[in-house]
Amino acid sequence: MNVILEIKNLTRSIGSTKILKNISLSVQQGELISIIGRSGCGKTSLLRCINCLDAFDEGYLRVGEIVIERGRNCNHRNKNNNESYNVKAYHIRLKVGMLFQTLNLFPNRTVLENITIAPIIVKKEPKEKAIATALELLCKVGLKGFENRYPYQLSGGQSQRVAIARALALNPDIMLYDEPTSALDPELVGEVLNVMKDLDCEGMTQIVVTHAMNFAKTASDYVIYMEQGEIIEMDTPEKIFYNPSDKRTESYVRLFKE
Amino acid sequence: MKNTIVLFICLHLIVCPIAFGQNEKTLRWAADAEGNAPYIFQDPRIPTEIIGFEVDIVRALSEIIGAKPVFVQNQWDGLIPGLYRGDYDIAINGLEITEDRKKEVNFSNPYYITYLQIVVLRGVDYIQSLSDLSGRKVGALKNSLAERILRAKEEINVVTYEGEVNAFVDMKNGRIEAALVDAPIALYYTATNPEFTMVGEPIGEISYGIALRKEDIRLLEKINRALDELKRSGKLRQILEEWNLWNNKMEVYLDDFSVSKSSPEKYRYFIQSVSKREHFAERIELYFKFMPVFLKAALITLGLSLLSMLLAILAGLILALMRLYGGKVLGFLSVLYIEIIRGTPLLIQLYLIFYALPAIGVKLSPFLAAILGLGFNYAAYEAEVYRSGFLSIPRGQFEAAISLGMTPFQAIWHIILPQTFRVVIPPMTNDFISLIKDSSLVSVITMIELTKVYNQIASAYYDYLGTGLITAGLYLLLGLPFIRLARHFEKRLAIETKPSK
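So the protein sequences, as listed, match chains A and B.
If you're matching positions, the first sequence starts at 1 in our numbering and goes up one per residue.
If you're matching positions, the second sequence starts at 259 in our numbering and goes up one per residue.
Keep in mind that the hints were calculated from the coordinates and are not lab data.
For clarity, every value in this text was computed on a predicted model and none was experimentally measured.
Take the hints with a grain of salt, since some may be wrong.
Capping the alpha-carbon separation at 30 Å, the derived lysine-lysine pairs in DSS-like fashion look like this [as the list claims (entries may be wrong)]:
#1 A:Lys127 <-> B:Lys749
#2 B:Lys586 <-> A:Lys88
#3 A:Lys144 <-> B:Lys749
#4 B:Lys586 <-> A:Lys18
All chains should be built: construct the whole structure from the sequences, respecting the hints.
Shown next as structure tokens:
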């Protein structure tokens, strides 16, 4: 299979605190990976580094063909290299879609405009084509007929589904989700997770930071457990949840056993 | 398209006054029509006409020189600086020939010599001379001979005023007991306001001269020769007699002790026109006559405010973007600009733009100087309004846009800015209303706008209440449509974000 995302020895610090330590990870096309762990363990930071919203200090990141290498021995501190970092980061963001914990649809635009604005501006798509794609995506996330509503007229679950459609409109290779359901009422969680399962069936590569253990258990190809900025264990859901090889993983998953 | 039109207007306004200056056949003369009768003031019956004994003298002089007189309005304080800006060639407006002023400008020979006169309320019989003023509060015009004479006597409590009429009003209200003013003012004011009276002997001597730039020696000679001609022909005496201003000092100065030749018809015309109107209807009728003048001034105020605000909104946006996203250097420059502009008075900024910039070769027309002054001043405030607007948009909006593949510029332009606009509409409307009123400050750089016209008319008629209410009402009317417009926009934009209930 084709490794679409590769991370080697990635480190990120804020001040003197290391929030990501020596992260290495490779993800194959079409996989759905769940990242679990306590608050503050670095799950969200890892996602933000993959999407280049936050810059890492050292390490290697490859998304598709694009490689970013940073660190002491890479002589990356000079200005020229910084510019090339920004350009590469921009291209990585084009290939990676991201969904946030907070609902951040653009409040002054309709559902349709929310979805079409990036393709029109970023990819210079003709408006008609962007609209056609957007309507198709709305069908896919189960929101046919919602195109002229404003974000305030949507429930949380509907908002997140529109946000997924918005990210998909750019035709990304990888989708990242940062606790996509934690801001939602419990009865709305399912509708969002179902969209993600559908995408998985279509072969989309997805990485989900989540507290929805059932989803992680049933839908993931692999589960990553993180603690204090490190990947402790990465394995199949069965292994992580029923037969973890590390004690720290075991003590965490035990919290959800009852 | 809109910008092209504005640019065109601006260019037009820069070029025109300069074009005027090139014309040899004109004599551009400046005065402040806000001064009182009998110098230069608005004709009480035809408010668009400017009359006064100095107007008559300028006309007579121009006729002899063979040039067409062109009147340039300027604030009295700015008459001499304006000469050096090159806005006009001579200034004539009761300018006393003093040693201090002679250092800055050349004066023609005196065209009028007068004295100071004490004015009190009728019935105040304990004041008859200068010595009776001891221990009392006495009013005088700021920086005048009267002030210097009063200051020389330590026991007198001197109160200074911008205009003589303010001193008279204060006296009526009991804040001062007497005023020492130029005799022509005393004569005209007491004649139209019988509750005041002149007392005592003439005090001191004041010579009025025409001010010219130091380098204009040829013009000075021409003016002096023309003045001599006016004196010799009896025309000067005739003008002064028509205005009831012929006095002993002039008899000595012109060595002409003959009996009166002309009747004081212009004096009478003024007294009759201004004397208290008993009938309410007559007063209303008068106000209607003022209306065209007021409305024209209101339009100037409106145009000025709109163009200034447009500039402030654009420049403010650039400043805010520089400060928030421009990096260290641009951010620092933006903060520096905002703090300097906010921390210094608009009035000083206007003076600098208008009077100091020509020294380095930048000569702006009054209209353009006013728009730049007001616009760049308000830009500093609008920049801060924008900044608070930007900061009120959740960070997630920016990140969402970035992660959708937008560049930071695209994210700001397409996502953040449109949301910011709705937030800043109410405070900006507020600032615009405030700007409409601040635009009255530009009268110091020779713009004739609403407040200036109010001052001119009020001082010509000694009527501050009625015309004041009209002016206040006009300002209110100017602002109202914009308050309504802003509310309309707010409502329309709010529909998109809040559930309608």
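(request) Go through the numbered hints given earlier and state which of them the structure violates, listing their numbers in rising order. (result) Of the numbered hints, all hold.
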